[in-house]
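So that you can map any letter, position 251 of the sequence shown is 771 in our numbering, and since no number is skipped, the others follow by simple counting.
Treat the hints with care, as some may be off.
[Stated by the list, open to error] With a straight-line Cα cutoff of 27 Å, these simulated BS3-like cross-link-like pairs (lysine-lysine) come out:
1. 552 x 607
2. 607 x 663
3. 607 x 667
4. 846 x 834
5. 552 x 846
6. 663 x 674
7. 667 x 846
8. 834 x 663
[Said to hold, decoys possible] Restraint-style ranges between C-beta atoms, simulated for each label pair:
9. 716 x 848: 29 to 37 Å
10. 759 x 864: 35 to 43 Å
11. 687 x 591: 30 to 38 Å
12. 577 x 833: 34 to 42 Å
13. 675 x 717: 20 to 28 Å
Derived by calculation from the structure, the hints in this document are not laboratory data.
Ideal placement from N, C-alpha and C gives every residue a C-beta, glycine not left out.
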Amino acid sequence: MRSPASVAYLVDPRFPGGTSSAVAFELRECTKLGHVSVHAIESQMFSARTVAPQLAETLSALGLELIWDSRTISADVVILHNPTFLKFQATLESRILARHLIVVAHENFLRPGAAESFDVNRCLNQIDRASLALRKTIAPISKVNRKTVLDWLKGNNLRGNWAVLESDWFNICAFPMIAPNTTPADRRGRHSRPGFEKFPNLADMDLCFPAHAEANVILGADHYLADRLRRPHWSMHPFQSFEVPAFFGMIDFMVYFTAPTWRESFGRVLAEAIAAGKVVISDPQTAATFDGGVVAGTPAQVDEIISGFIADPKSYHMHVAAAQAKLSPFSAQAFRAHLSRILTQAIGATA
521 MRSPASVAYL VDPRFPGGTS SAVAFELREC TKLGHVSVHA IESQMFSART
571 VAPQLAETLS ALGLELIWDS RTISADVVIL HNPTFLKFQA TLESRILARH
621 LIVVAHENFL RPGAAESFDV NRCLNQIDRA SLALRKTIAP ISKVNRKTVL
671 DWLKGNNLRG NWAVLESDWF NICAFPMIAP NTTPADRRGR HSRPGFEKFP
721 NLADMDLCFP AHAEANVILG ADHYLADRLR RPHWSMHPFQ SFEVPAFFGM
771 IDFMVYFTAP TWRESFGRVL AEAIAAGKVV ISDPQTAATF DGGVVAGTPA
821 QVDEIISGFI ADPKSYHMHV AAAQAKLSPF SAQAFRAHLS RILTQAIGAT
871 A
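Using the sequences and the hints, build the whole thing.
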């Protein structure tokens with residue numbers, strides 16, 4: 521009988537949004553399968569050692585130490601999350617020794633229009649130079665993300681013997697399923713970290729969150745607040761100013777569009793909204809990840825979509841129930857099975 525695989529996570533733990541949440545959920549499952557260590561890189565992307573709260577909480581609950589800036593990281597499987605943390609530096613100082621090195625591509629490699637999202641070669645070449653691994657793979661997190669990875673690889677010469685993982689390294693969406701409101705009202709909201717790329721232009725925001733709506737709640741409106749934007753019919757709040765469940769209690773429709781030059785690679789916040797019993801509306805590309813669980817449309821169509829659901833509450837309830845069922849492929853159990861196969865292959869054991 522072989523011993524369980526050793527797994528080392530490598531991440532900059534200061535990512536404020538989906539990356540840290542995804543790692544936190546993964547760690548809870550990975551510790552059931554192997555010996556886990558968690559290594560923190562103090563990259564030039566962030567300042568101060570302020571660990572994202574969701575990750576700090578999970579590490580404490582699991583009794584895992586966060587090891588900063590290790591000189592050598594050695595394990596059967598090394599999982600590096602979101603290589604964009606290397607985009608402001610030239611060298612990864614840590615050395616990686618692994619049977620299988622997996623780089624989880626949280627960010628799309630290409631933006632809409634095929635512009636590069638970040639200097640992919642710069643980031644992956646740092647990892648390649650720092651690594652000695654029998655196998656190196658890039659792991660897309662969704663179909664949309666996978667297409668950008670494959671399209672980027674077609675148009676660029678990437679040094680090193682990299683492959684693309686056959687199955688998606690999806691976010692675990694193990695959220696409590698909450699029943700929708702019995703009588704949905706025109707209460708709209710959006711939630712994201714306050715990056716400019718996360719928001720559409722103001723004209724589209726005005727279409728999505730008009731004065732005639734009963735509520736318009738914007739959580740993550742930091743730059744609007746800083747600019748003293750006047751929208752009396754919006755309730756604007758800074759990112760992380762209150763708990764996300766409280767935000768979902770204020771709305772019945774999650775309306776989520778981004779800048780036209782940027783797209784979500786997975787859309788974890790949309791999965792959270794679905795689980796919270798809300799109808800979610802987004803652009804077709806972002807909606808595709810959830811296989812019909814997110815209503816696809818444009819900002820100009822939002823009023824009509826919401827009016828239709830309010831006029832027919834039964835359709836609202838049916839859509840939420842169907843959307844919540846669409847989250848089952850992203851369950852903790854599904855991810856644990858996915859990771860177990862990878863660990864088994866890495867150590868050469870039979871299933």
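How the hints compare with the structure:
no. : hint                  : in the structure
1   : 552 x 607             : 33 Å, violated
2   : 607 x 663             : 24 Å, holds
3   : 607 x 667             : 21 Å, holds
4   : 846 x 834             : 19 Å, holds
5   : 552 x 846             : 25 Å, holds
6   : 663 x 674             : 17 Å, holds
7   : 667 x 846             : 21 Å, holds
8   : 834 x 663             : 31 Å, violated
9   : 716 x 848: 29 to 37 Å : 34 Å, holds
10  : 759 x 864: 35 to 43 Å : 40 Å, holds
11  : 687 x 591: 30 to 38 Å : 32 Å, holds
12  : 577 x 833: 34 to 42 Å : 37 Å, holds
13  : 675 x 717: 20 to 28 Å : 22 Å, holds
This entry does not satisfy hints 1 and 8, going by the numbered hints stated previously.
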